[in-house]
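Undergrad: Make the full structure from the sequences, and use the hints.
Chains as they are written, first to last, in numbering that gives the first Met the number 0: chain A, 0 to 583; chain B, 0 to 398.
Don't take each hint at face value.
Simulated pairs of lysine-lysine, DSS-like, Cα-Cα distance not exceeding 30 Å [said to hold, decoys possible]: (1) 329/A x 387/A; (2) 375/B x 349/B; (3) 213/B x 394/B; (4) 394/B x 329/A; (5) 349/B x 329/A; (6) 394/B x 171/B.
Covered stretches of chain A, as calculated for chain B (at least 3 residues, CB under 8 Å) [to be verified]: (7) 50–61; (8) 565–574.
It is worth saying that the hints were derived from the structure and are not from the lab. From a predicted model like this one, the values you see are computed outputs, not experimental measurements. C-beta atoms are modelled at their ideal positions from N, C-alpha and C, and glycine is treated no differently.
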Amino acid sequence: MTKTLLSPAYIMIIGLLGAPIIIGLFGILFPAFGYFPALGAQNWTLHYWQQLFSAPGLLSSVLLSVFTGVMVTIMSVWLSISLVAITYQTQWYKRLQSLLSPILSVPHASIAIGLLFLLSPSGWLLRIISPELTGFLRPPNWITVQDPFGLTLTLALIIKETPYLLFVVAAAIYQLKPSQTLETCQSLGYSRLTTWRKILLPQLYPLIRLPILIVLSFSLTVVDMALIIGPNTPTTFAVLLLSWFNDSDLSYRYVASAGAIMLVLLIAGIIFVWELTRFLLQKMARRERINGKRSGIGDLLLLIGALGGAASFVISFLSLVILPIWAIAKRWRFPDALPSQVSFSNIAQAWPVLSSTTIQTLIIAITSTLIALVVSIFILELLRSNAKTFAANKRFFGNFYSQKPLLFLMYLPILLPQIGFLFGIQVLLISFDANGRYSSVIAMHLLYVLPYVYLTLSAPYQSYNQAYLLEANRLNHKPAINFITIKLAMLKASLCTAFAIGFSVSMAQYLPTLIAGEGRITTLTTEAVTLATSGDRKKVGVFALVQIIFPILVFFAAHTIPIHWTSWRLKLKSILRGQFANRT
Amino acid sequence: MLKPIAALTLSGALSLFGNLAHADWQDTVADAKGETVYFNAWGGSDNINAYIQWAADKIEAKYDVEVKHVKLTDTANAVNRVIAEKAANKNTLGSIDLMWINGENFRSMKDKGLLYGPFSDSLPNYKAYVDPNARQSLTLDFGTPVDGMEAPWGMAQVIFMYDTATLETPPKSTQELLTYAKKHNGRITYPRPPQFLGSTFLKQALYELTPYRKALSQPVSTIDFDKVTAPLWHYLDQLHPVAWRNGRSFPKNSEEMIRLLDDQEIDVALSFDISAASVQINKGNLPESTRSYVFTNGTIGNTHFLAIPYNSQSSAGAQVVANFLLSPEAQAHKQHPTVWGDLSVLAYDKLNNEDKQRFDDLPKGIATLSISELGKTLPEPHSSWMGALEKEWQKRYAN
Chain A
0 MTKTLLSPAY IMIIGLLGAP IIIGLFGILF PAFGYFPALG AQNWTLHYWQ
50 QLFSAPGLLS SVLLSVFTGV MVTIMSVWLS ISLVAITYQT QWYKRLQSLL
100 SPILSVPHAS IAIGLLFLLS PSGWLLRIIS PELTGFLRPP NWITVQDPFG
150 LTLTLALIIK ETPYLLFVVA AAIYQLKPSQ TLETCQSLGY SRLTTWRKIL
200 LPQLYPLIRL PILIVLSFSL TVVDMALIIG PNTPTTFAVL LLSWFNDSDL
250 SYRYVASAGA IMLVLLIAGI IFVWELTRFL LQKMARRERI NGKRSGIGDL
300 LLLIGALGGA ASFVISFLSL VILPIWAIAK RWRFPDALPS QVSFSNIAQA
350 WPVLSSTTIQ TLIIAITSTL IALVVSIFIL ELLRSNAKTF AANKRFFGNF
400 YSQKPLLFLM YLPILLPQIG FLFGIQVLLI SFDANGRYSS VIAMHLLYVL
450 PYVYLTLSAP YQSYNQAYLL EANRLNHKPA INFITIKLAM LKASLCTAFA
500 IGFSVSMAQY LPTLIAGEGR ITTLTTEAVT LATSGDRKKV GVFALVQIIF
550 PILVFFAAHT IPIHWTSWRL KLKSILRGQF ANRT
Chain B
0 MLKPIAALTL SGALSLFGNL AHADWQDTVA DAKGETVYFN AWGGSDNINA
50 YIQWAADKIE AKYDVEVKHV KLTDTANAVN RVIAEKAANK NTLGSIDLMW
100 INGENFRSMK DKGLLYGPFS DSLPNYKAYV DPNARQSLTL DFGTPVDGME
150 APWGMAQVIF MYDTATLETP PKSTQELLTY AKKHNGRITY PRPPQFLGST
200 FLKQALYELT PYRKALSQPV STIDFDKVTA PLWHYLDQLH PVAWRNGRSF
250 PKNSEEMIRL LDDQEIDVAL SFDISAASVQ INKGNLPEST RSYVFTNGTI
300 GNTHFLAIPY NSQSSAGAQV VANFLLSPEA QAHKQHPTVW GDLSVLAYDK
350 LNNEDKQRFD DLPKGIATLS ISELGKTLPE PHSSWMGALE KEWQKRYAN
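TA: What follows is the structure, given as structure tokens:
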């Protein structure tokens with residue numbers, strides 16, 4: 000008989016992952032139907048749903064969110080895939096990878112602010128060409144940012160999400176061994192791009208489905224970027240919900256809860272439609288894929304996409320460059336291309352807060368990421384060693400006993416809108432008197448760091464050839480040591496990358512830090528968002544600069560260390576041996 | 000025989016009572032020793048943060064009370080936290096001890112029983128220096144009676160800022176603002192309601208435009224809202240097409256307006272902080288030629304307050320802090336134009352000569368108006384107006 004899967008370890012993990020989600024969801028579900036004892040509300044009612052649906056601007060807000068969310072996802076999938084297809088096997092592919100880390104690691108808010116400084120009518124682009132080319136001595140009355148259709152918000156999100164997907168694609172593409180496929184197909188006369196289009200991309204999609212859905216859900220629910228660069232007449236649905244949650248009329252909290260539930264359902268619906276559309280498109284494109292043509296107009300799409308992708312990199316680079324310029328500006332008026340007075344006083348003034356905040360931020364980011372790594376490895380090993388049991392159980396009892404519930408629970412927090420879900424958890428933290436402590440902030444970050452770390456690690460980890468470890472154990476039976484010195488050592492590149500991703504995810508968290516930290520524990524991001532609301536570009540520039548530095552350092556290290564690890568280790572060994580030899 | 004005894008007892012009781020009150024405060028100060036006060040206050044402005052830090056250092060030295068400033072982006076976050084704590088039955092060890100609060104949040108917290116008190120009218124500095132009759136807003140916070148549940152901290156008034164290098168005679172009434180906007184397309188705007196300054200702009204305009212000014216002091220539910228506000232919507236319908244970004248987008252707050260003024264995207268910026276122009280010139284965020292002004296017929300002004308949540312861990316410490324912030328020393332420092340420039344809530348006449356001197360010695364910022372230049376303060380409408388105006392605005396212009 001098959002071993003039962005309900006081992007204590009498995010149940011514990013399910014429990015740990017599931018509890019916050021259940022509490023978070025009930026924390027918005029009950030108030031949505033009028034049950035919220037804290038405010039003396041104990042009467043179940045549908046009143047707040049009626050109020051939600053009759054709220055002015057609801058439909059336009061929802062449409063705006065859906066439009067931006069879907070557009071962002073389509074565009075960034077297109078751009079990232081095109082970039083990989085075009086640059087793969089060229090030196091640009093590597094260059095692209097090294098460009099990724101700064102943009103991946105910069106918090107969303109900073110990109111949005113940079114873009115605002117760049118594109119607004121008084122922004123850098125117009126400053127550079129004014130008044131010489133435009134004749135403008137004063138900024139024109141144009142709507143280039145915060146436009147009513149959310150186009151700049153869409154652009155900002157594309158800039159941020161394309162590198163993320165590019166990263167994911169680059170990590171997944173390994174498994175397809177594209178070089179072999181390309182070689183084979185090209186020897187059959189298929190063009191490179193056609194090979195990508197017809198052979199590789201259809202195989203790639205299942206590997207990157209989840210990240211794509213994460214982008215979709217994130218873009219639909221993003222708050223900080225939408226506040227900064229999104230339209231405000233009306234705002235996106237997530238921002239509308241935030242304003243309801245924060246309304247001084249406390250009865251709006253119920254409406255906000257109902258809205259949060261609606262947002263969850265909306266996302267589920269859009270994901271369904273998205274997958275359905277993809278399925279149909281793939282069906283429809285089947286005939287084209289197998290028509291045997293060695294090249295096609297479709298190749299052009301990849302080319303345009305790559306150009307668009309390149310443009311998004313240039314724009315994000317400019318938005319990042321402008322932040323440090325603002326950080327040292329004293330006076331900088333339109334239409335000067337550069338500050339007229341420069342000073343380091345902005346940085347000096349910020350230093351006391353900066354230094355203490357930075358330390359707190361690092362403690363939280365490093366701890367949560369390390370925990371996430373250990374938990375991810377534990378889960379991956381649990382799944383691997385029980386692979387047979389899983390398969391058998393699945394056969395006997397269906398999906399419920401497969402690994403699916405576990406993965407589902409892990410990814411749920413990033414698919415659920417932070418707003419609302421986190422308020423439900425806040426009540427839990429307070430009742431355990433765990434609010435405002437490092438441990439709660441780290442736990443809350445873990446909800447978001449763990450899925451990203453797991454997602455980054457699982458594919459390379461699962462495709463690891465276990466035979467190496469088995470062979471090592473046959474030669475020298477020290478399973479624990481071999482696990483570290485053989486398996487983990489061989490996976491060090493993926494481990495380092497997963498760490499860098501987790502680190503930057505933790506660095507960027509705003510709402511989880513705020514809610515668990517209660518404002519007593521602050522990070523660079525919470526401080527920066529607080530400052531961003533003050534509209535002081537100089538201060539924001541300073542914080543954005545520091546926010547960028549640490550993740551970039553970690554990404555750089557994650558990239559460099561695995562490459563040089565062995566040579567460094569051997570060098571160190573030989574030095575030690577040399578010293579040892581000298582002494583004897 | 001009985002009379003003198005009764006008198007004696009009475010006077011004894013009275014003096015005991017006086018001592019008791021005094022002793023009460025001594026007890027509070029003693030209780031407060033060693034406490035940490037989590038002061039939740041909006042943290043978006045450097046100079047205000049620096050002022051709070053200044054006060055924290057003084058209080059620590061004087062009373063052995065540690066003040067930690069929890070910097071909020073929105074006071075509603077703190078209100079939410081108290082609600083969440085009540086939901087979790089955390090009725091004694093709350094995470095907030097003192098909060099900077101506005102009229103709307105005050106009303107909802109007071110109504111829901113989320114506040115500690117009454118305490119403010121028994122603070123020694125309140126009794127000594129505040130004249131509750133000096134301004135209606137000291138006892139009636141946006142139409143909600145204060146009842147000692149919050150301590151006044153400062154006074155604010157709407158001011159306008161403009162750059163004298165680009166604008167010679169600024170528009171000095173709501174109507175002139177429209178005339179100006181029609182002539183200079185895209186140079187006039189106001190913060191997006193429900194941001195409080197944006198909502199205040201609506202109230203200011205309504206006050207000037209409506210023929211039913213008296214209705215504004217009544218709860219909205221008791222008057223004909225559409226009739227009273229019709230001139231306001233008519234006005235905004237005309238303003239928006241010629242406003243900044245054609246009324247399709249609005250600045251988030253005063254700080255963004257100041258940035259837009261400096262960028263010369265707009266010609267007039269609003270603030271609730273009378274020294275905003277001087278402070279921002281000093282920081283290099285506005286040109287030297289910026290000046291402040293108010294409308295000829297006055298602008299809306301109000302008082303802002305400090306409140307203690309019902310579940311504060313350090314309510315004694317919080318009272319000590321609130322009391323210190325009401326001291327002539329703290330109030331005068333706060334009114335210093337480059338420190339904060341927030342108006343004192345103390346009655347000048349009640350101060351002793353030394354303290355009077357503190358206020359007399361305050362320098363005036365280059366672009367800060369004097370008390371007399373600030374002119375007439377228009378009262379805030381009843382607090383129910385704010386939500387009603389915001390909702391109607393949302394329905395009409397953000398749909």
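Undergrad: Each hint needs a verdict: does it hold in this structure or not?
TA: Cross-check of the supplied hints:
no. : hint          : result
1   : 329/A x 387/A : 65 Å, violated
2   : 375/B x 349/B : 22 Å, holds
3   : 213/B x 394/B : 25 Å, holds
4   : 394/B x 329/A : 41 Å, violated
5   : 349/B x 329/A : 42 Å, violated
6   : 394/B x 171/B : 29 Å, holds
7   : 50–61         : holds (count 3)
8   : 565–574       : violated (count 0)
Checked against the numbered hints listed earlier, the structure breaks hints 1, 4, 5 and 8; every other hint is satisfied.
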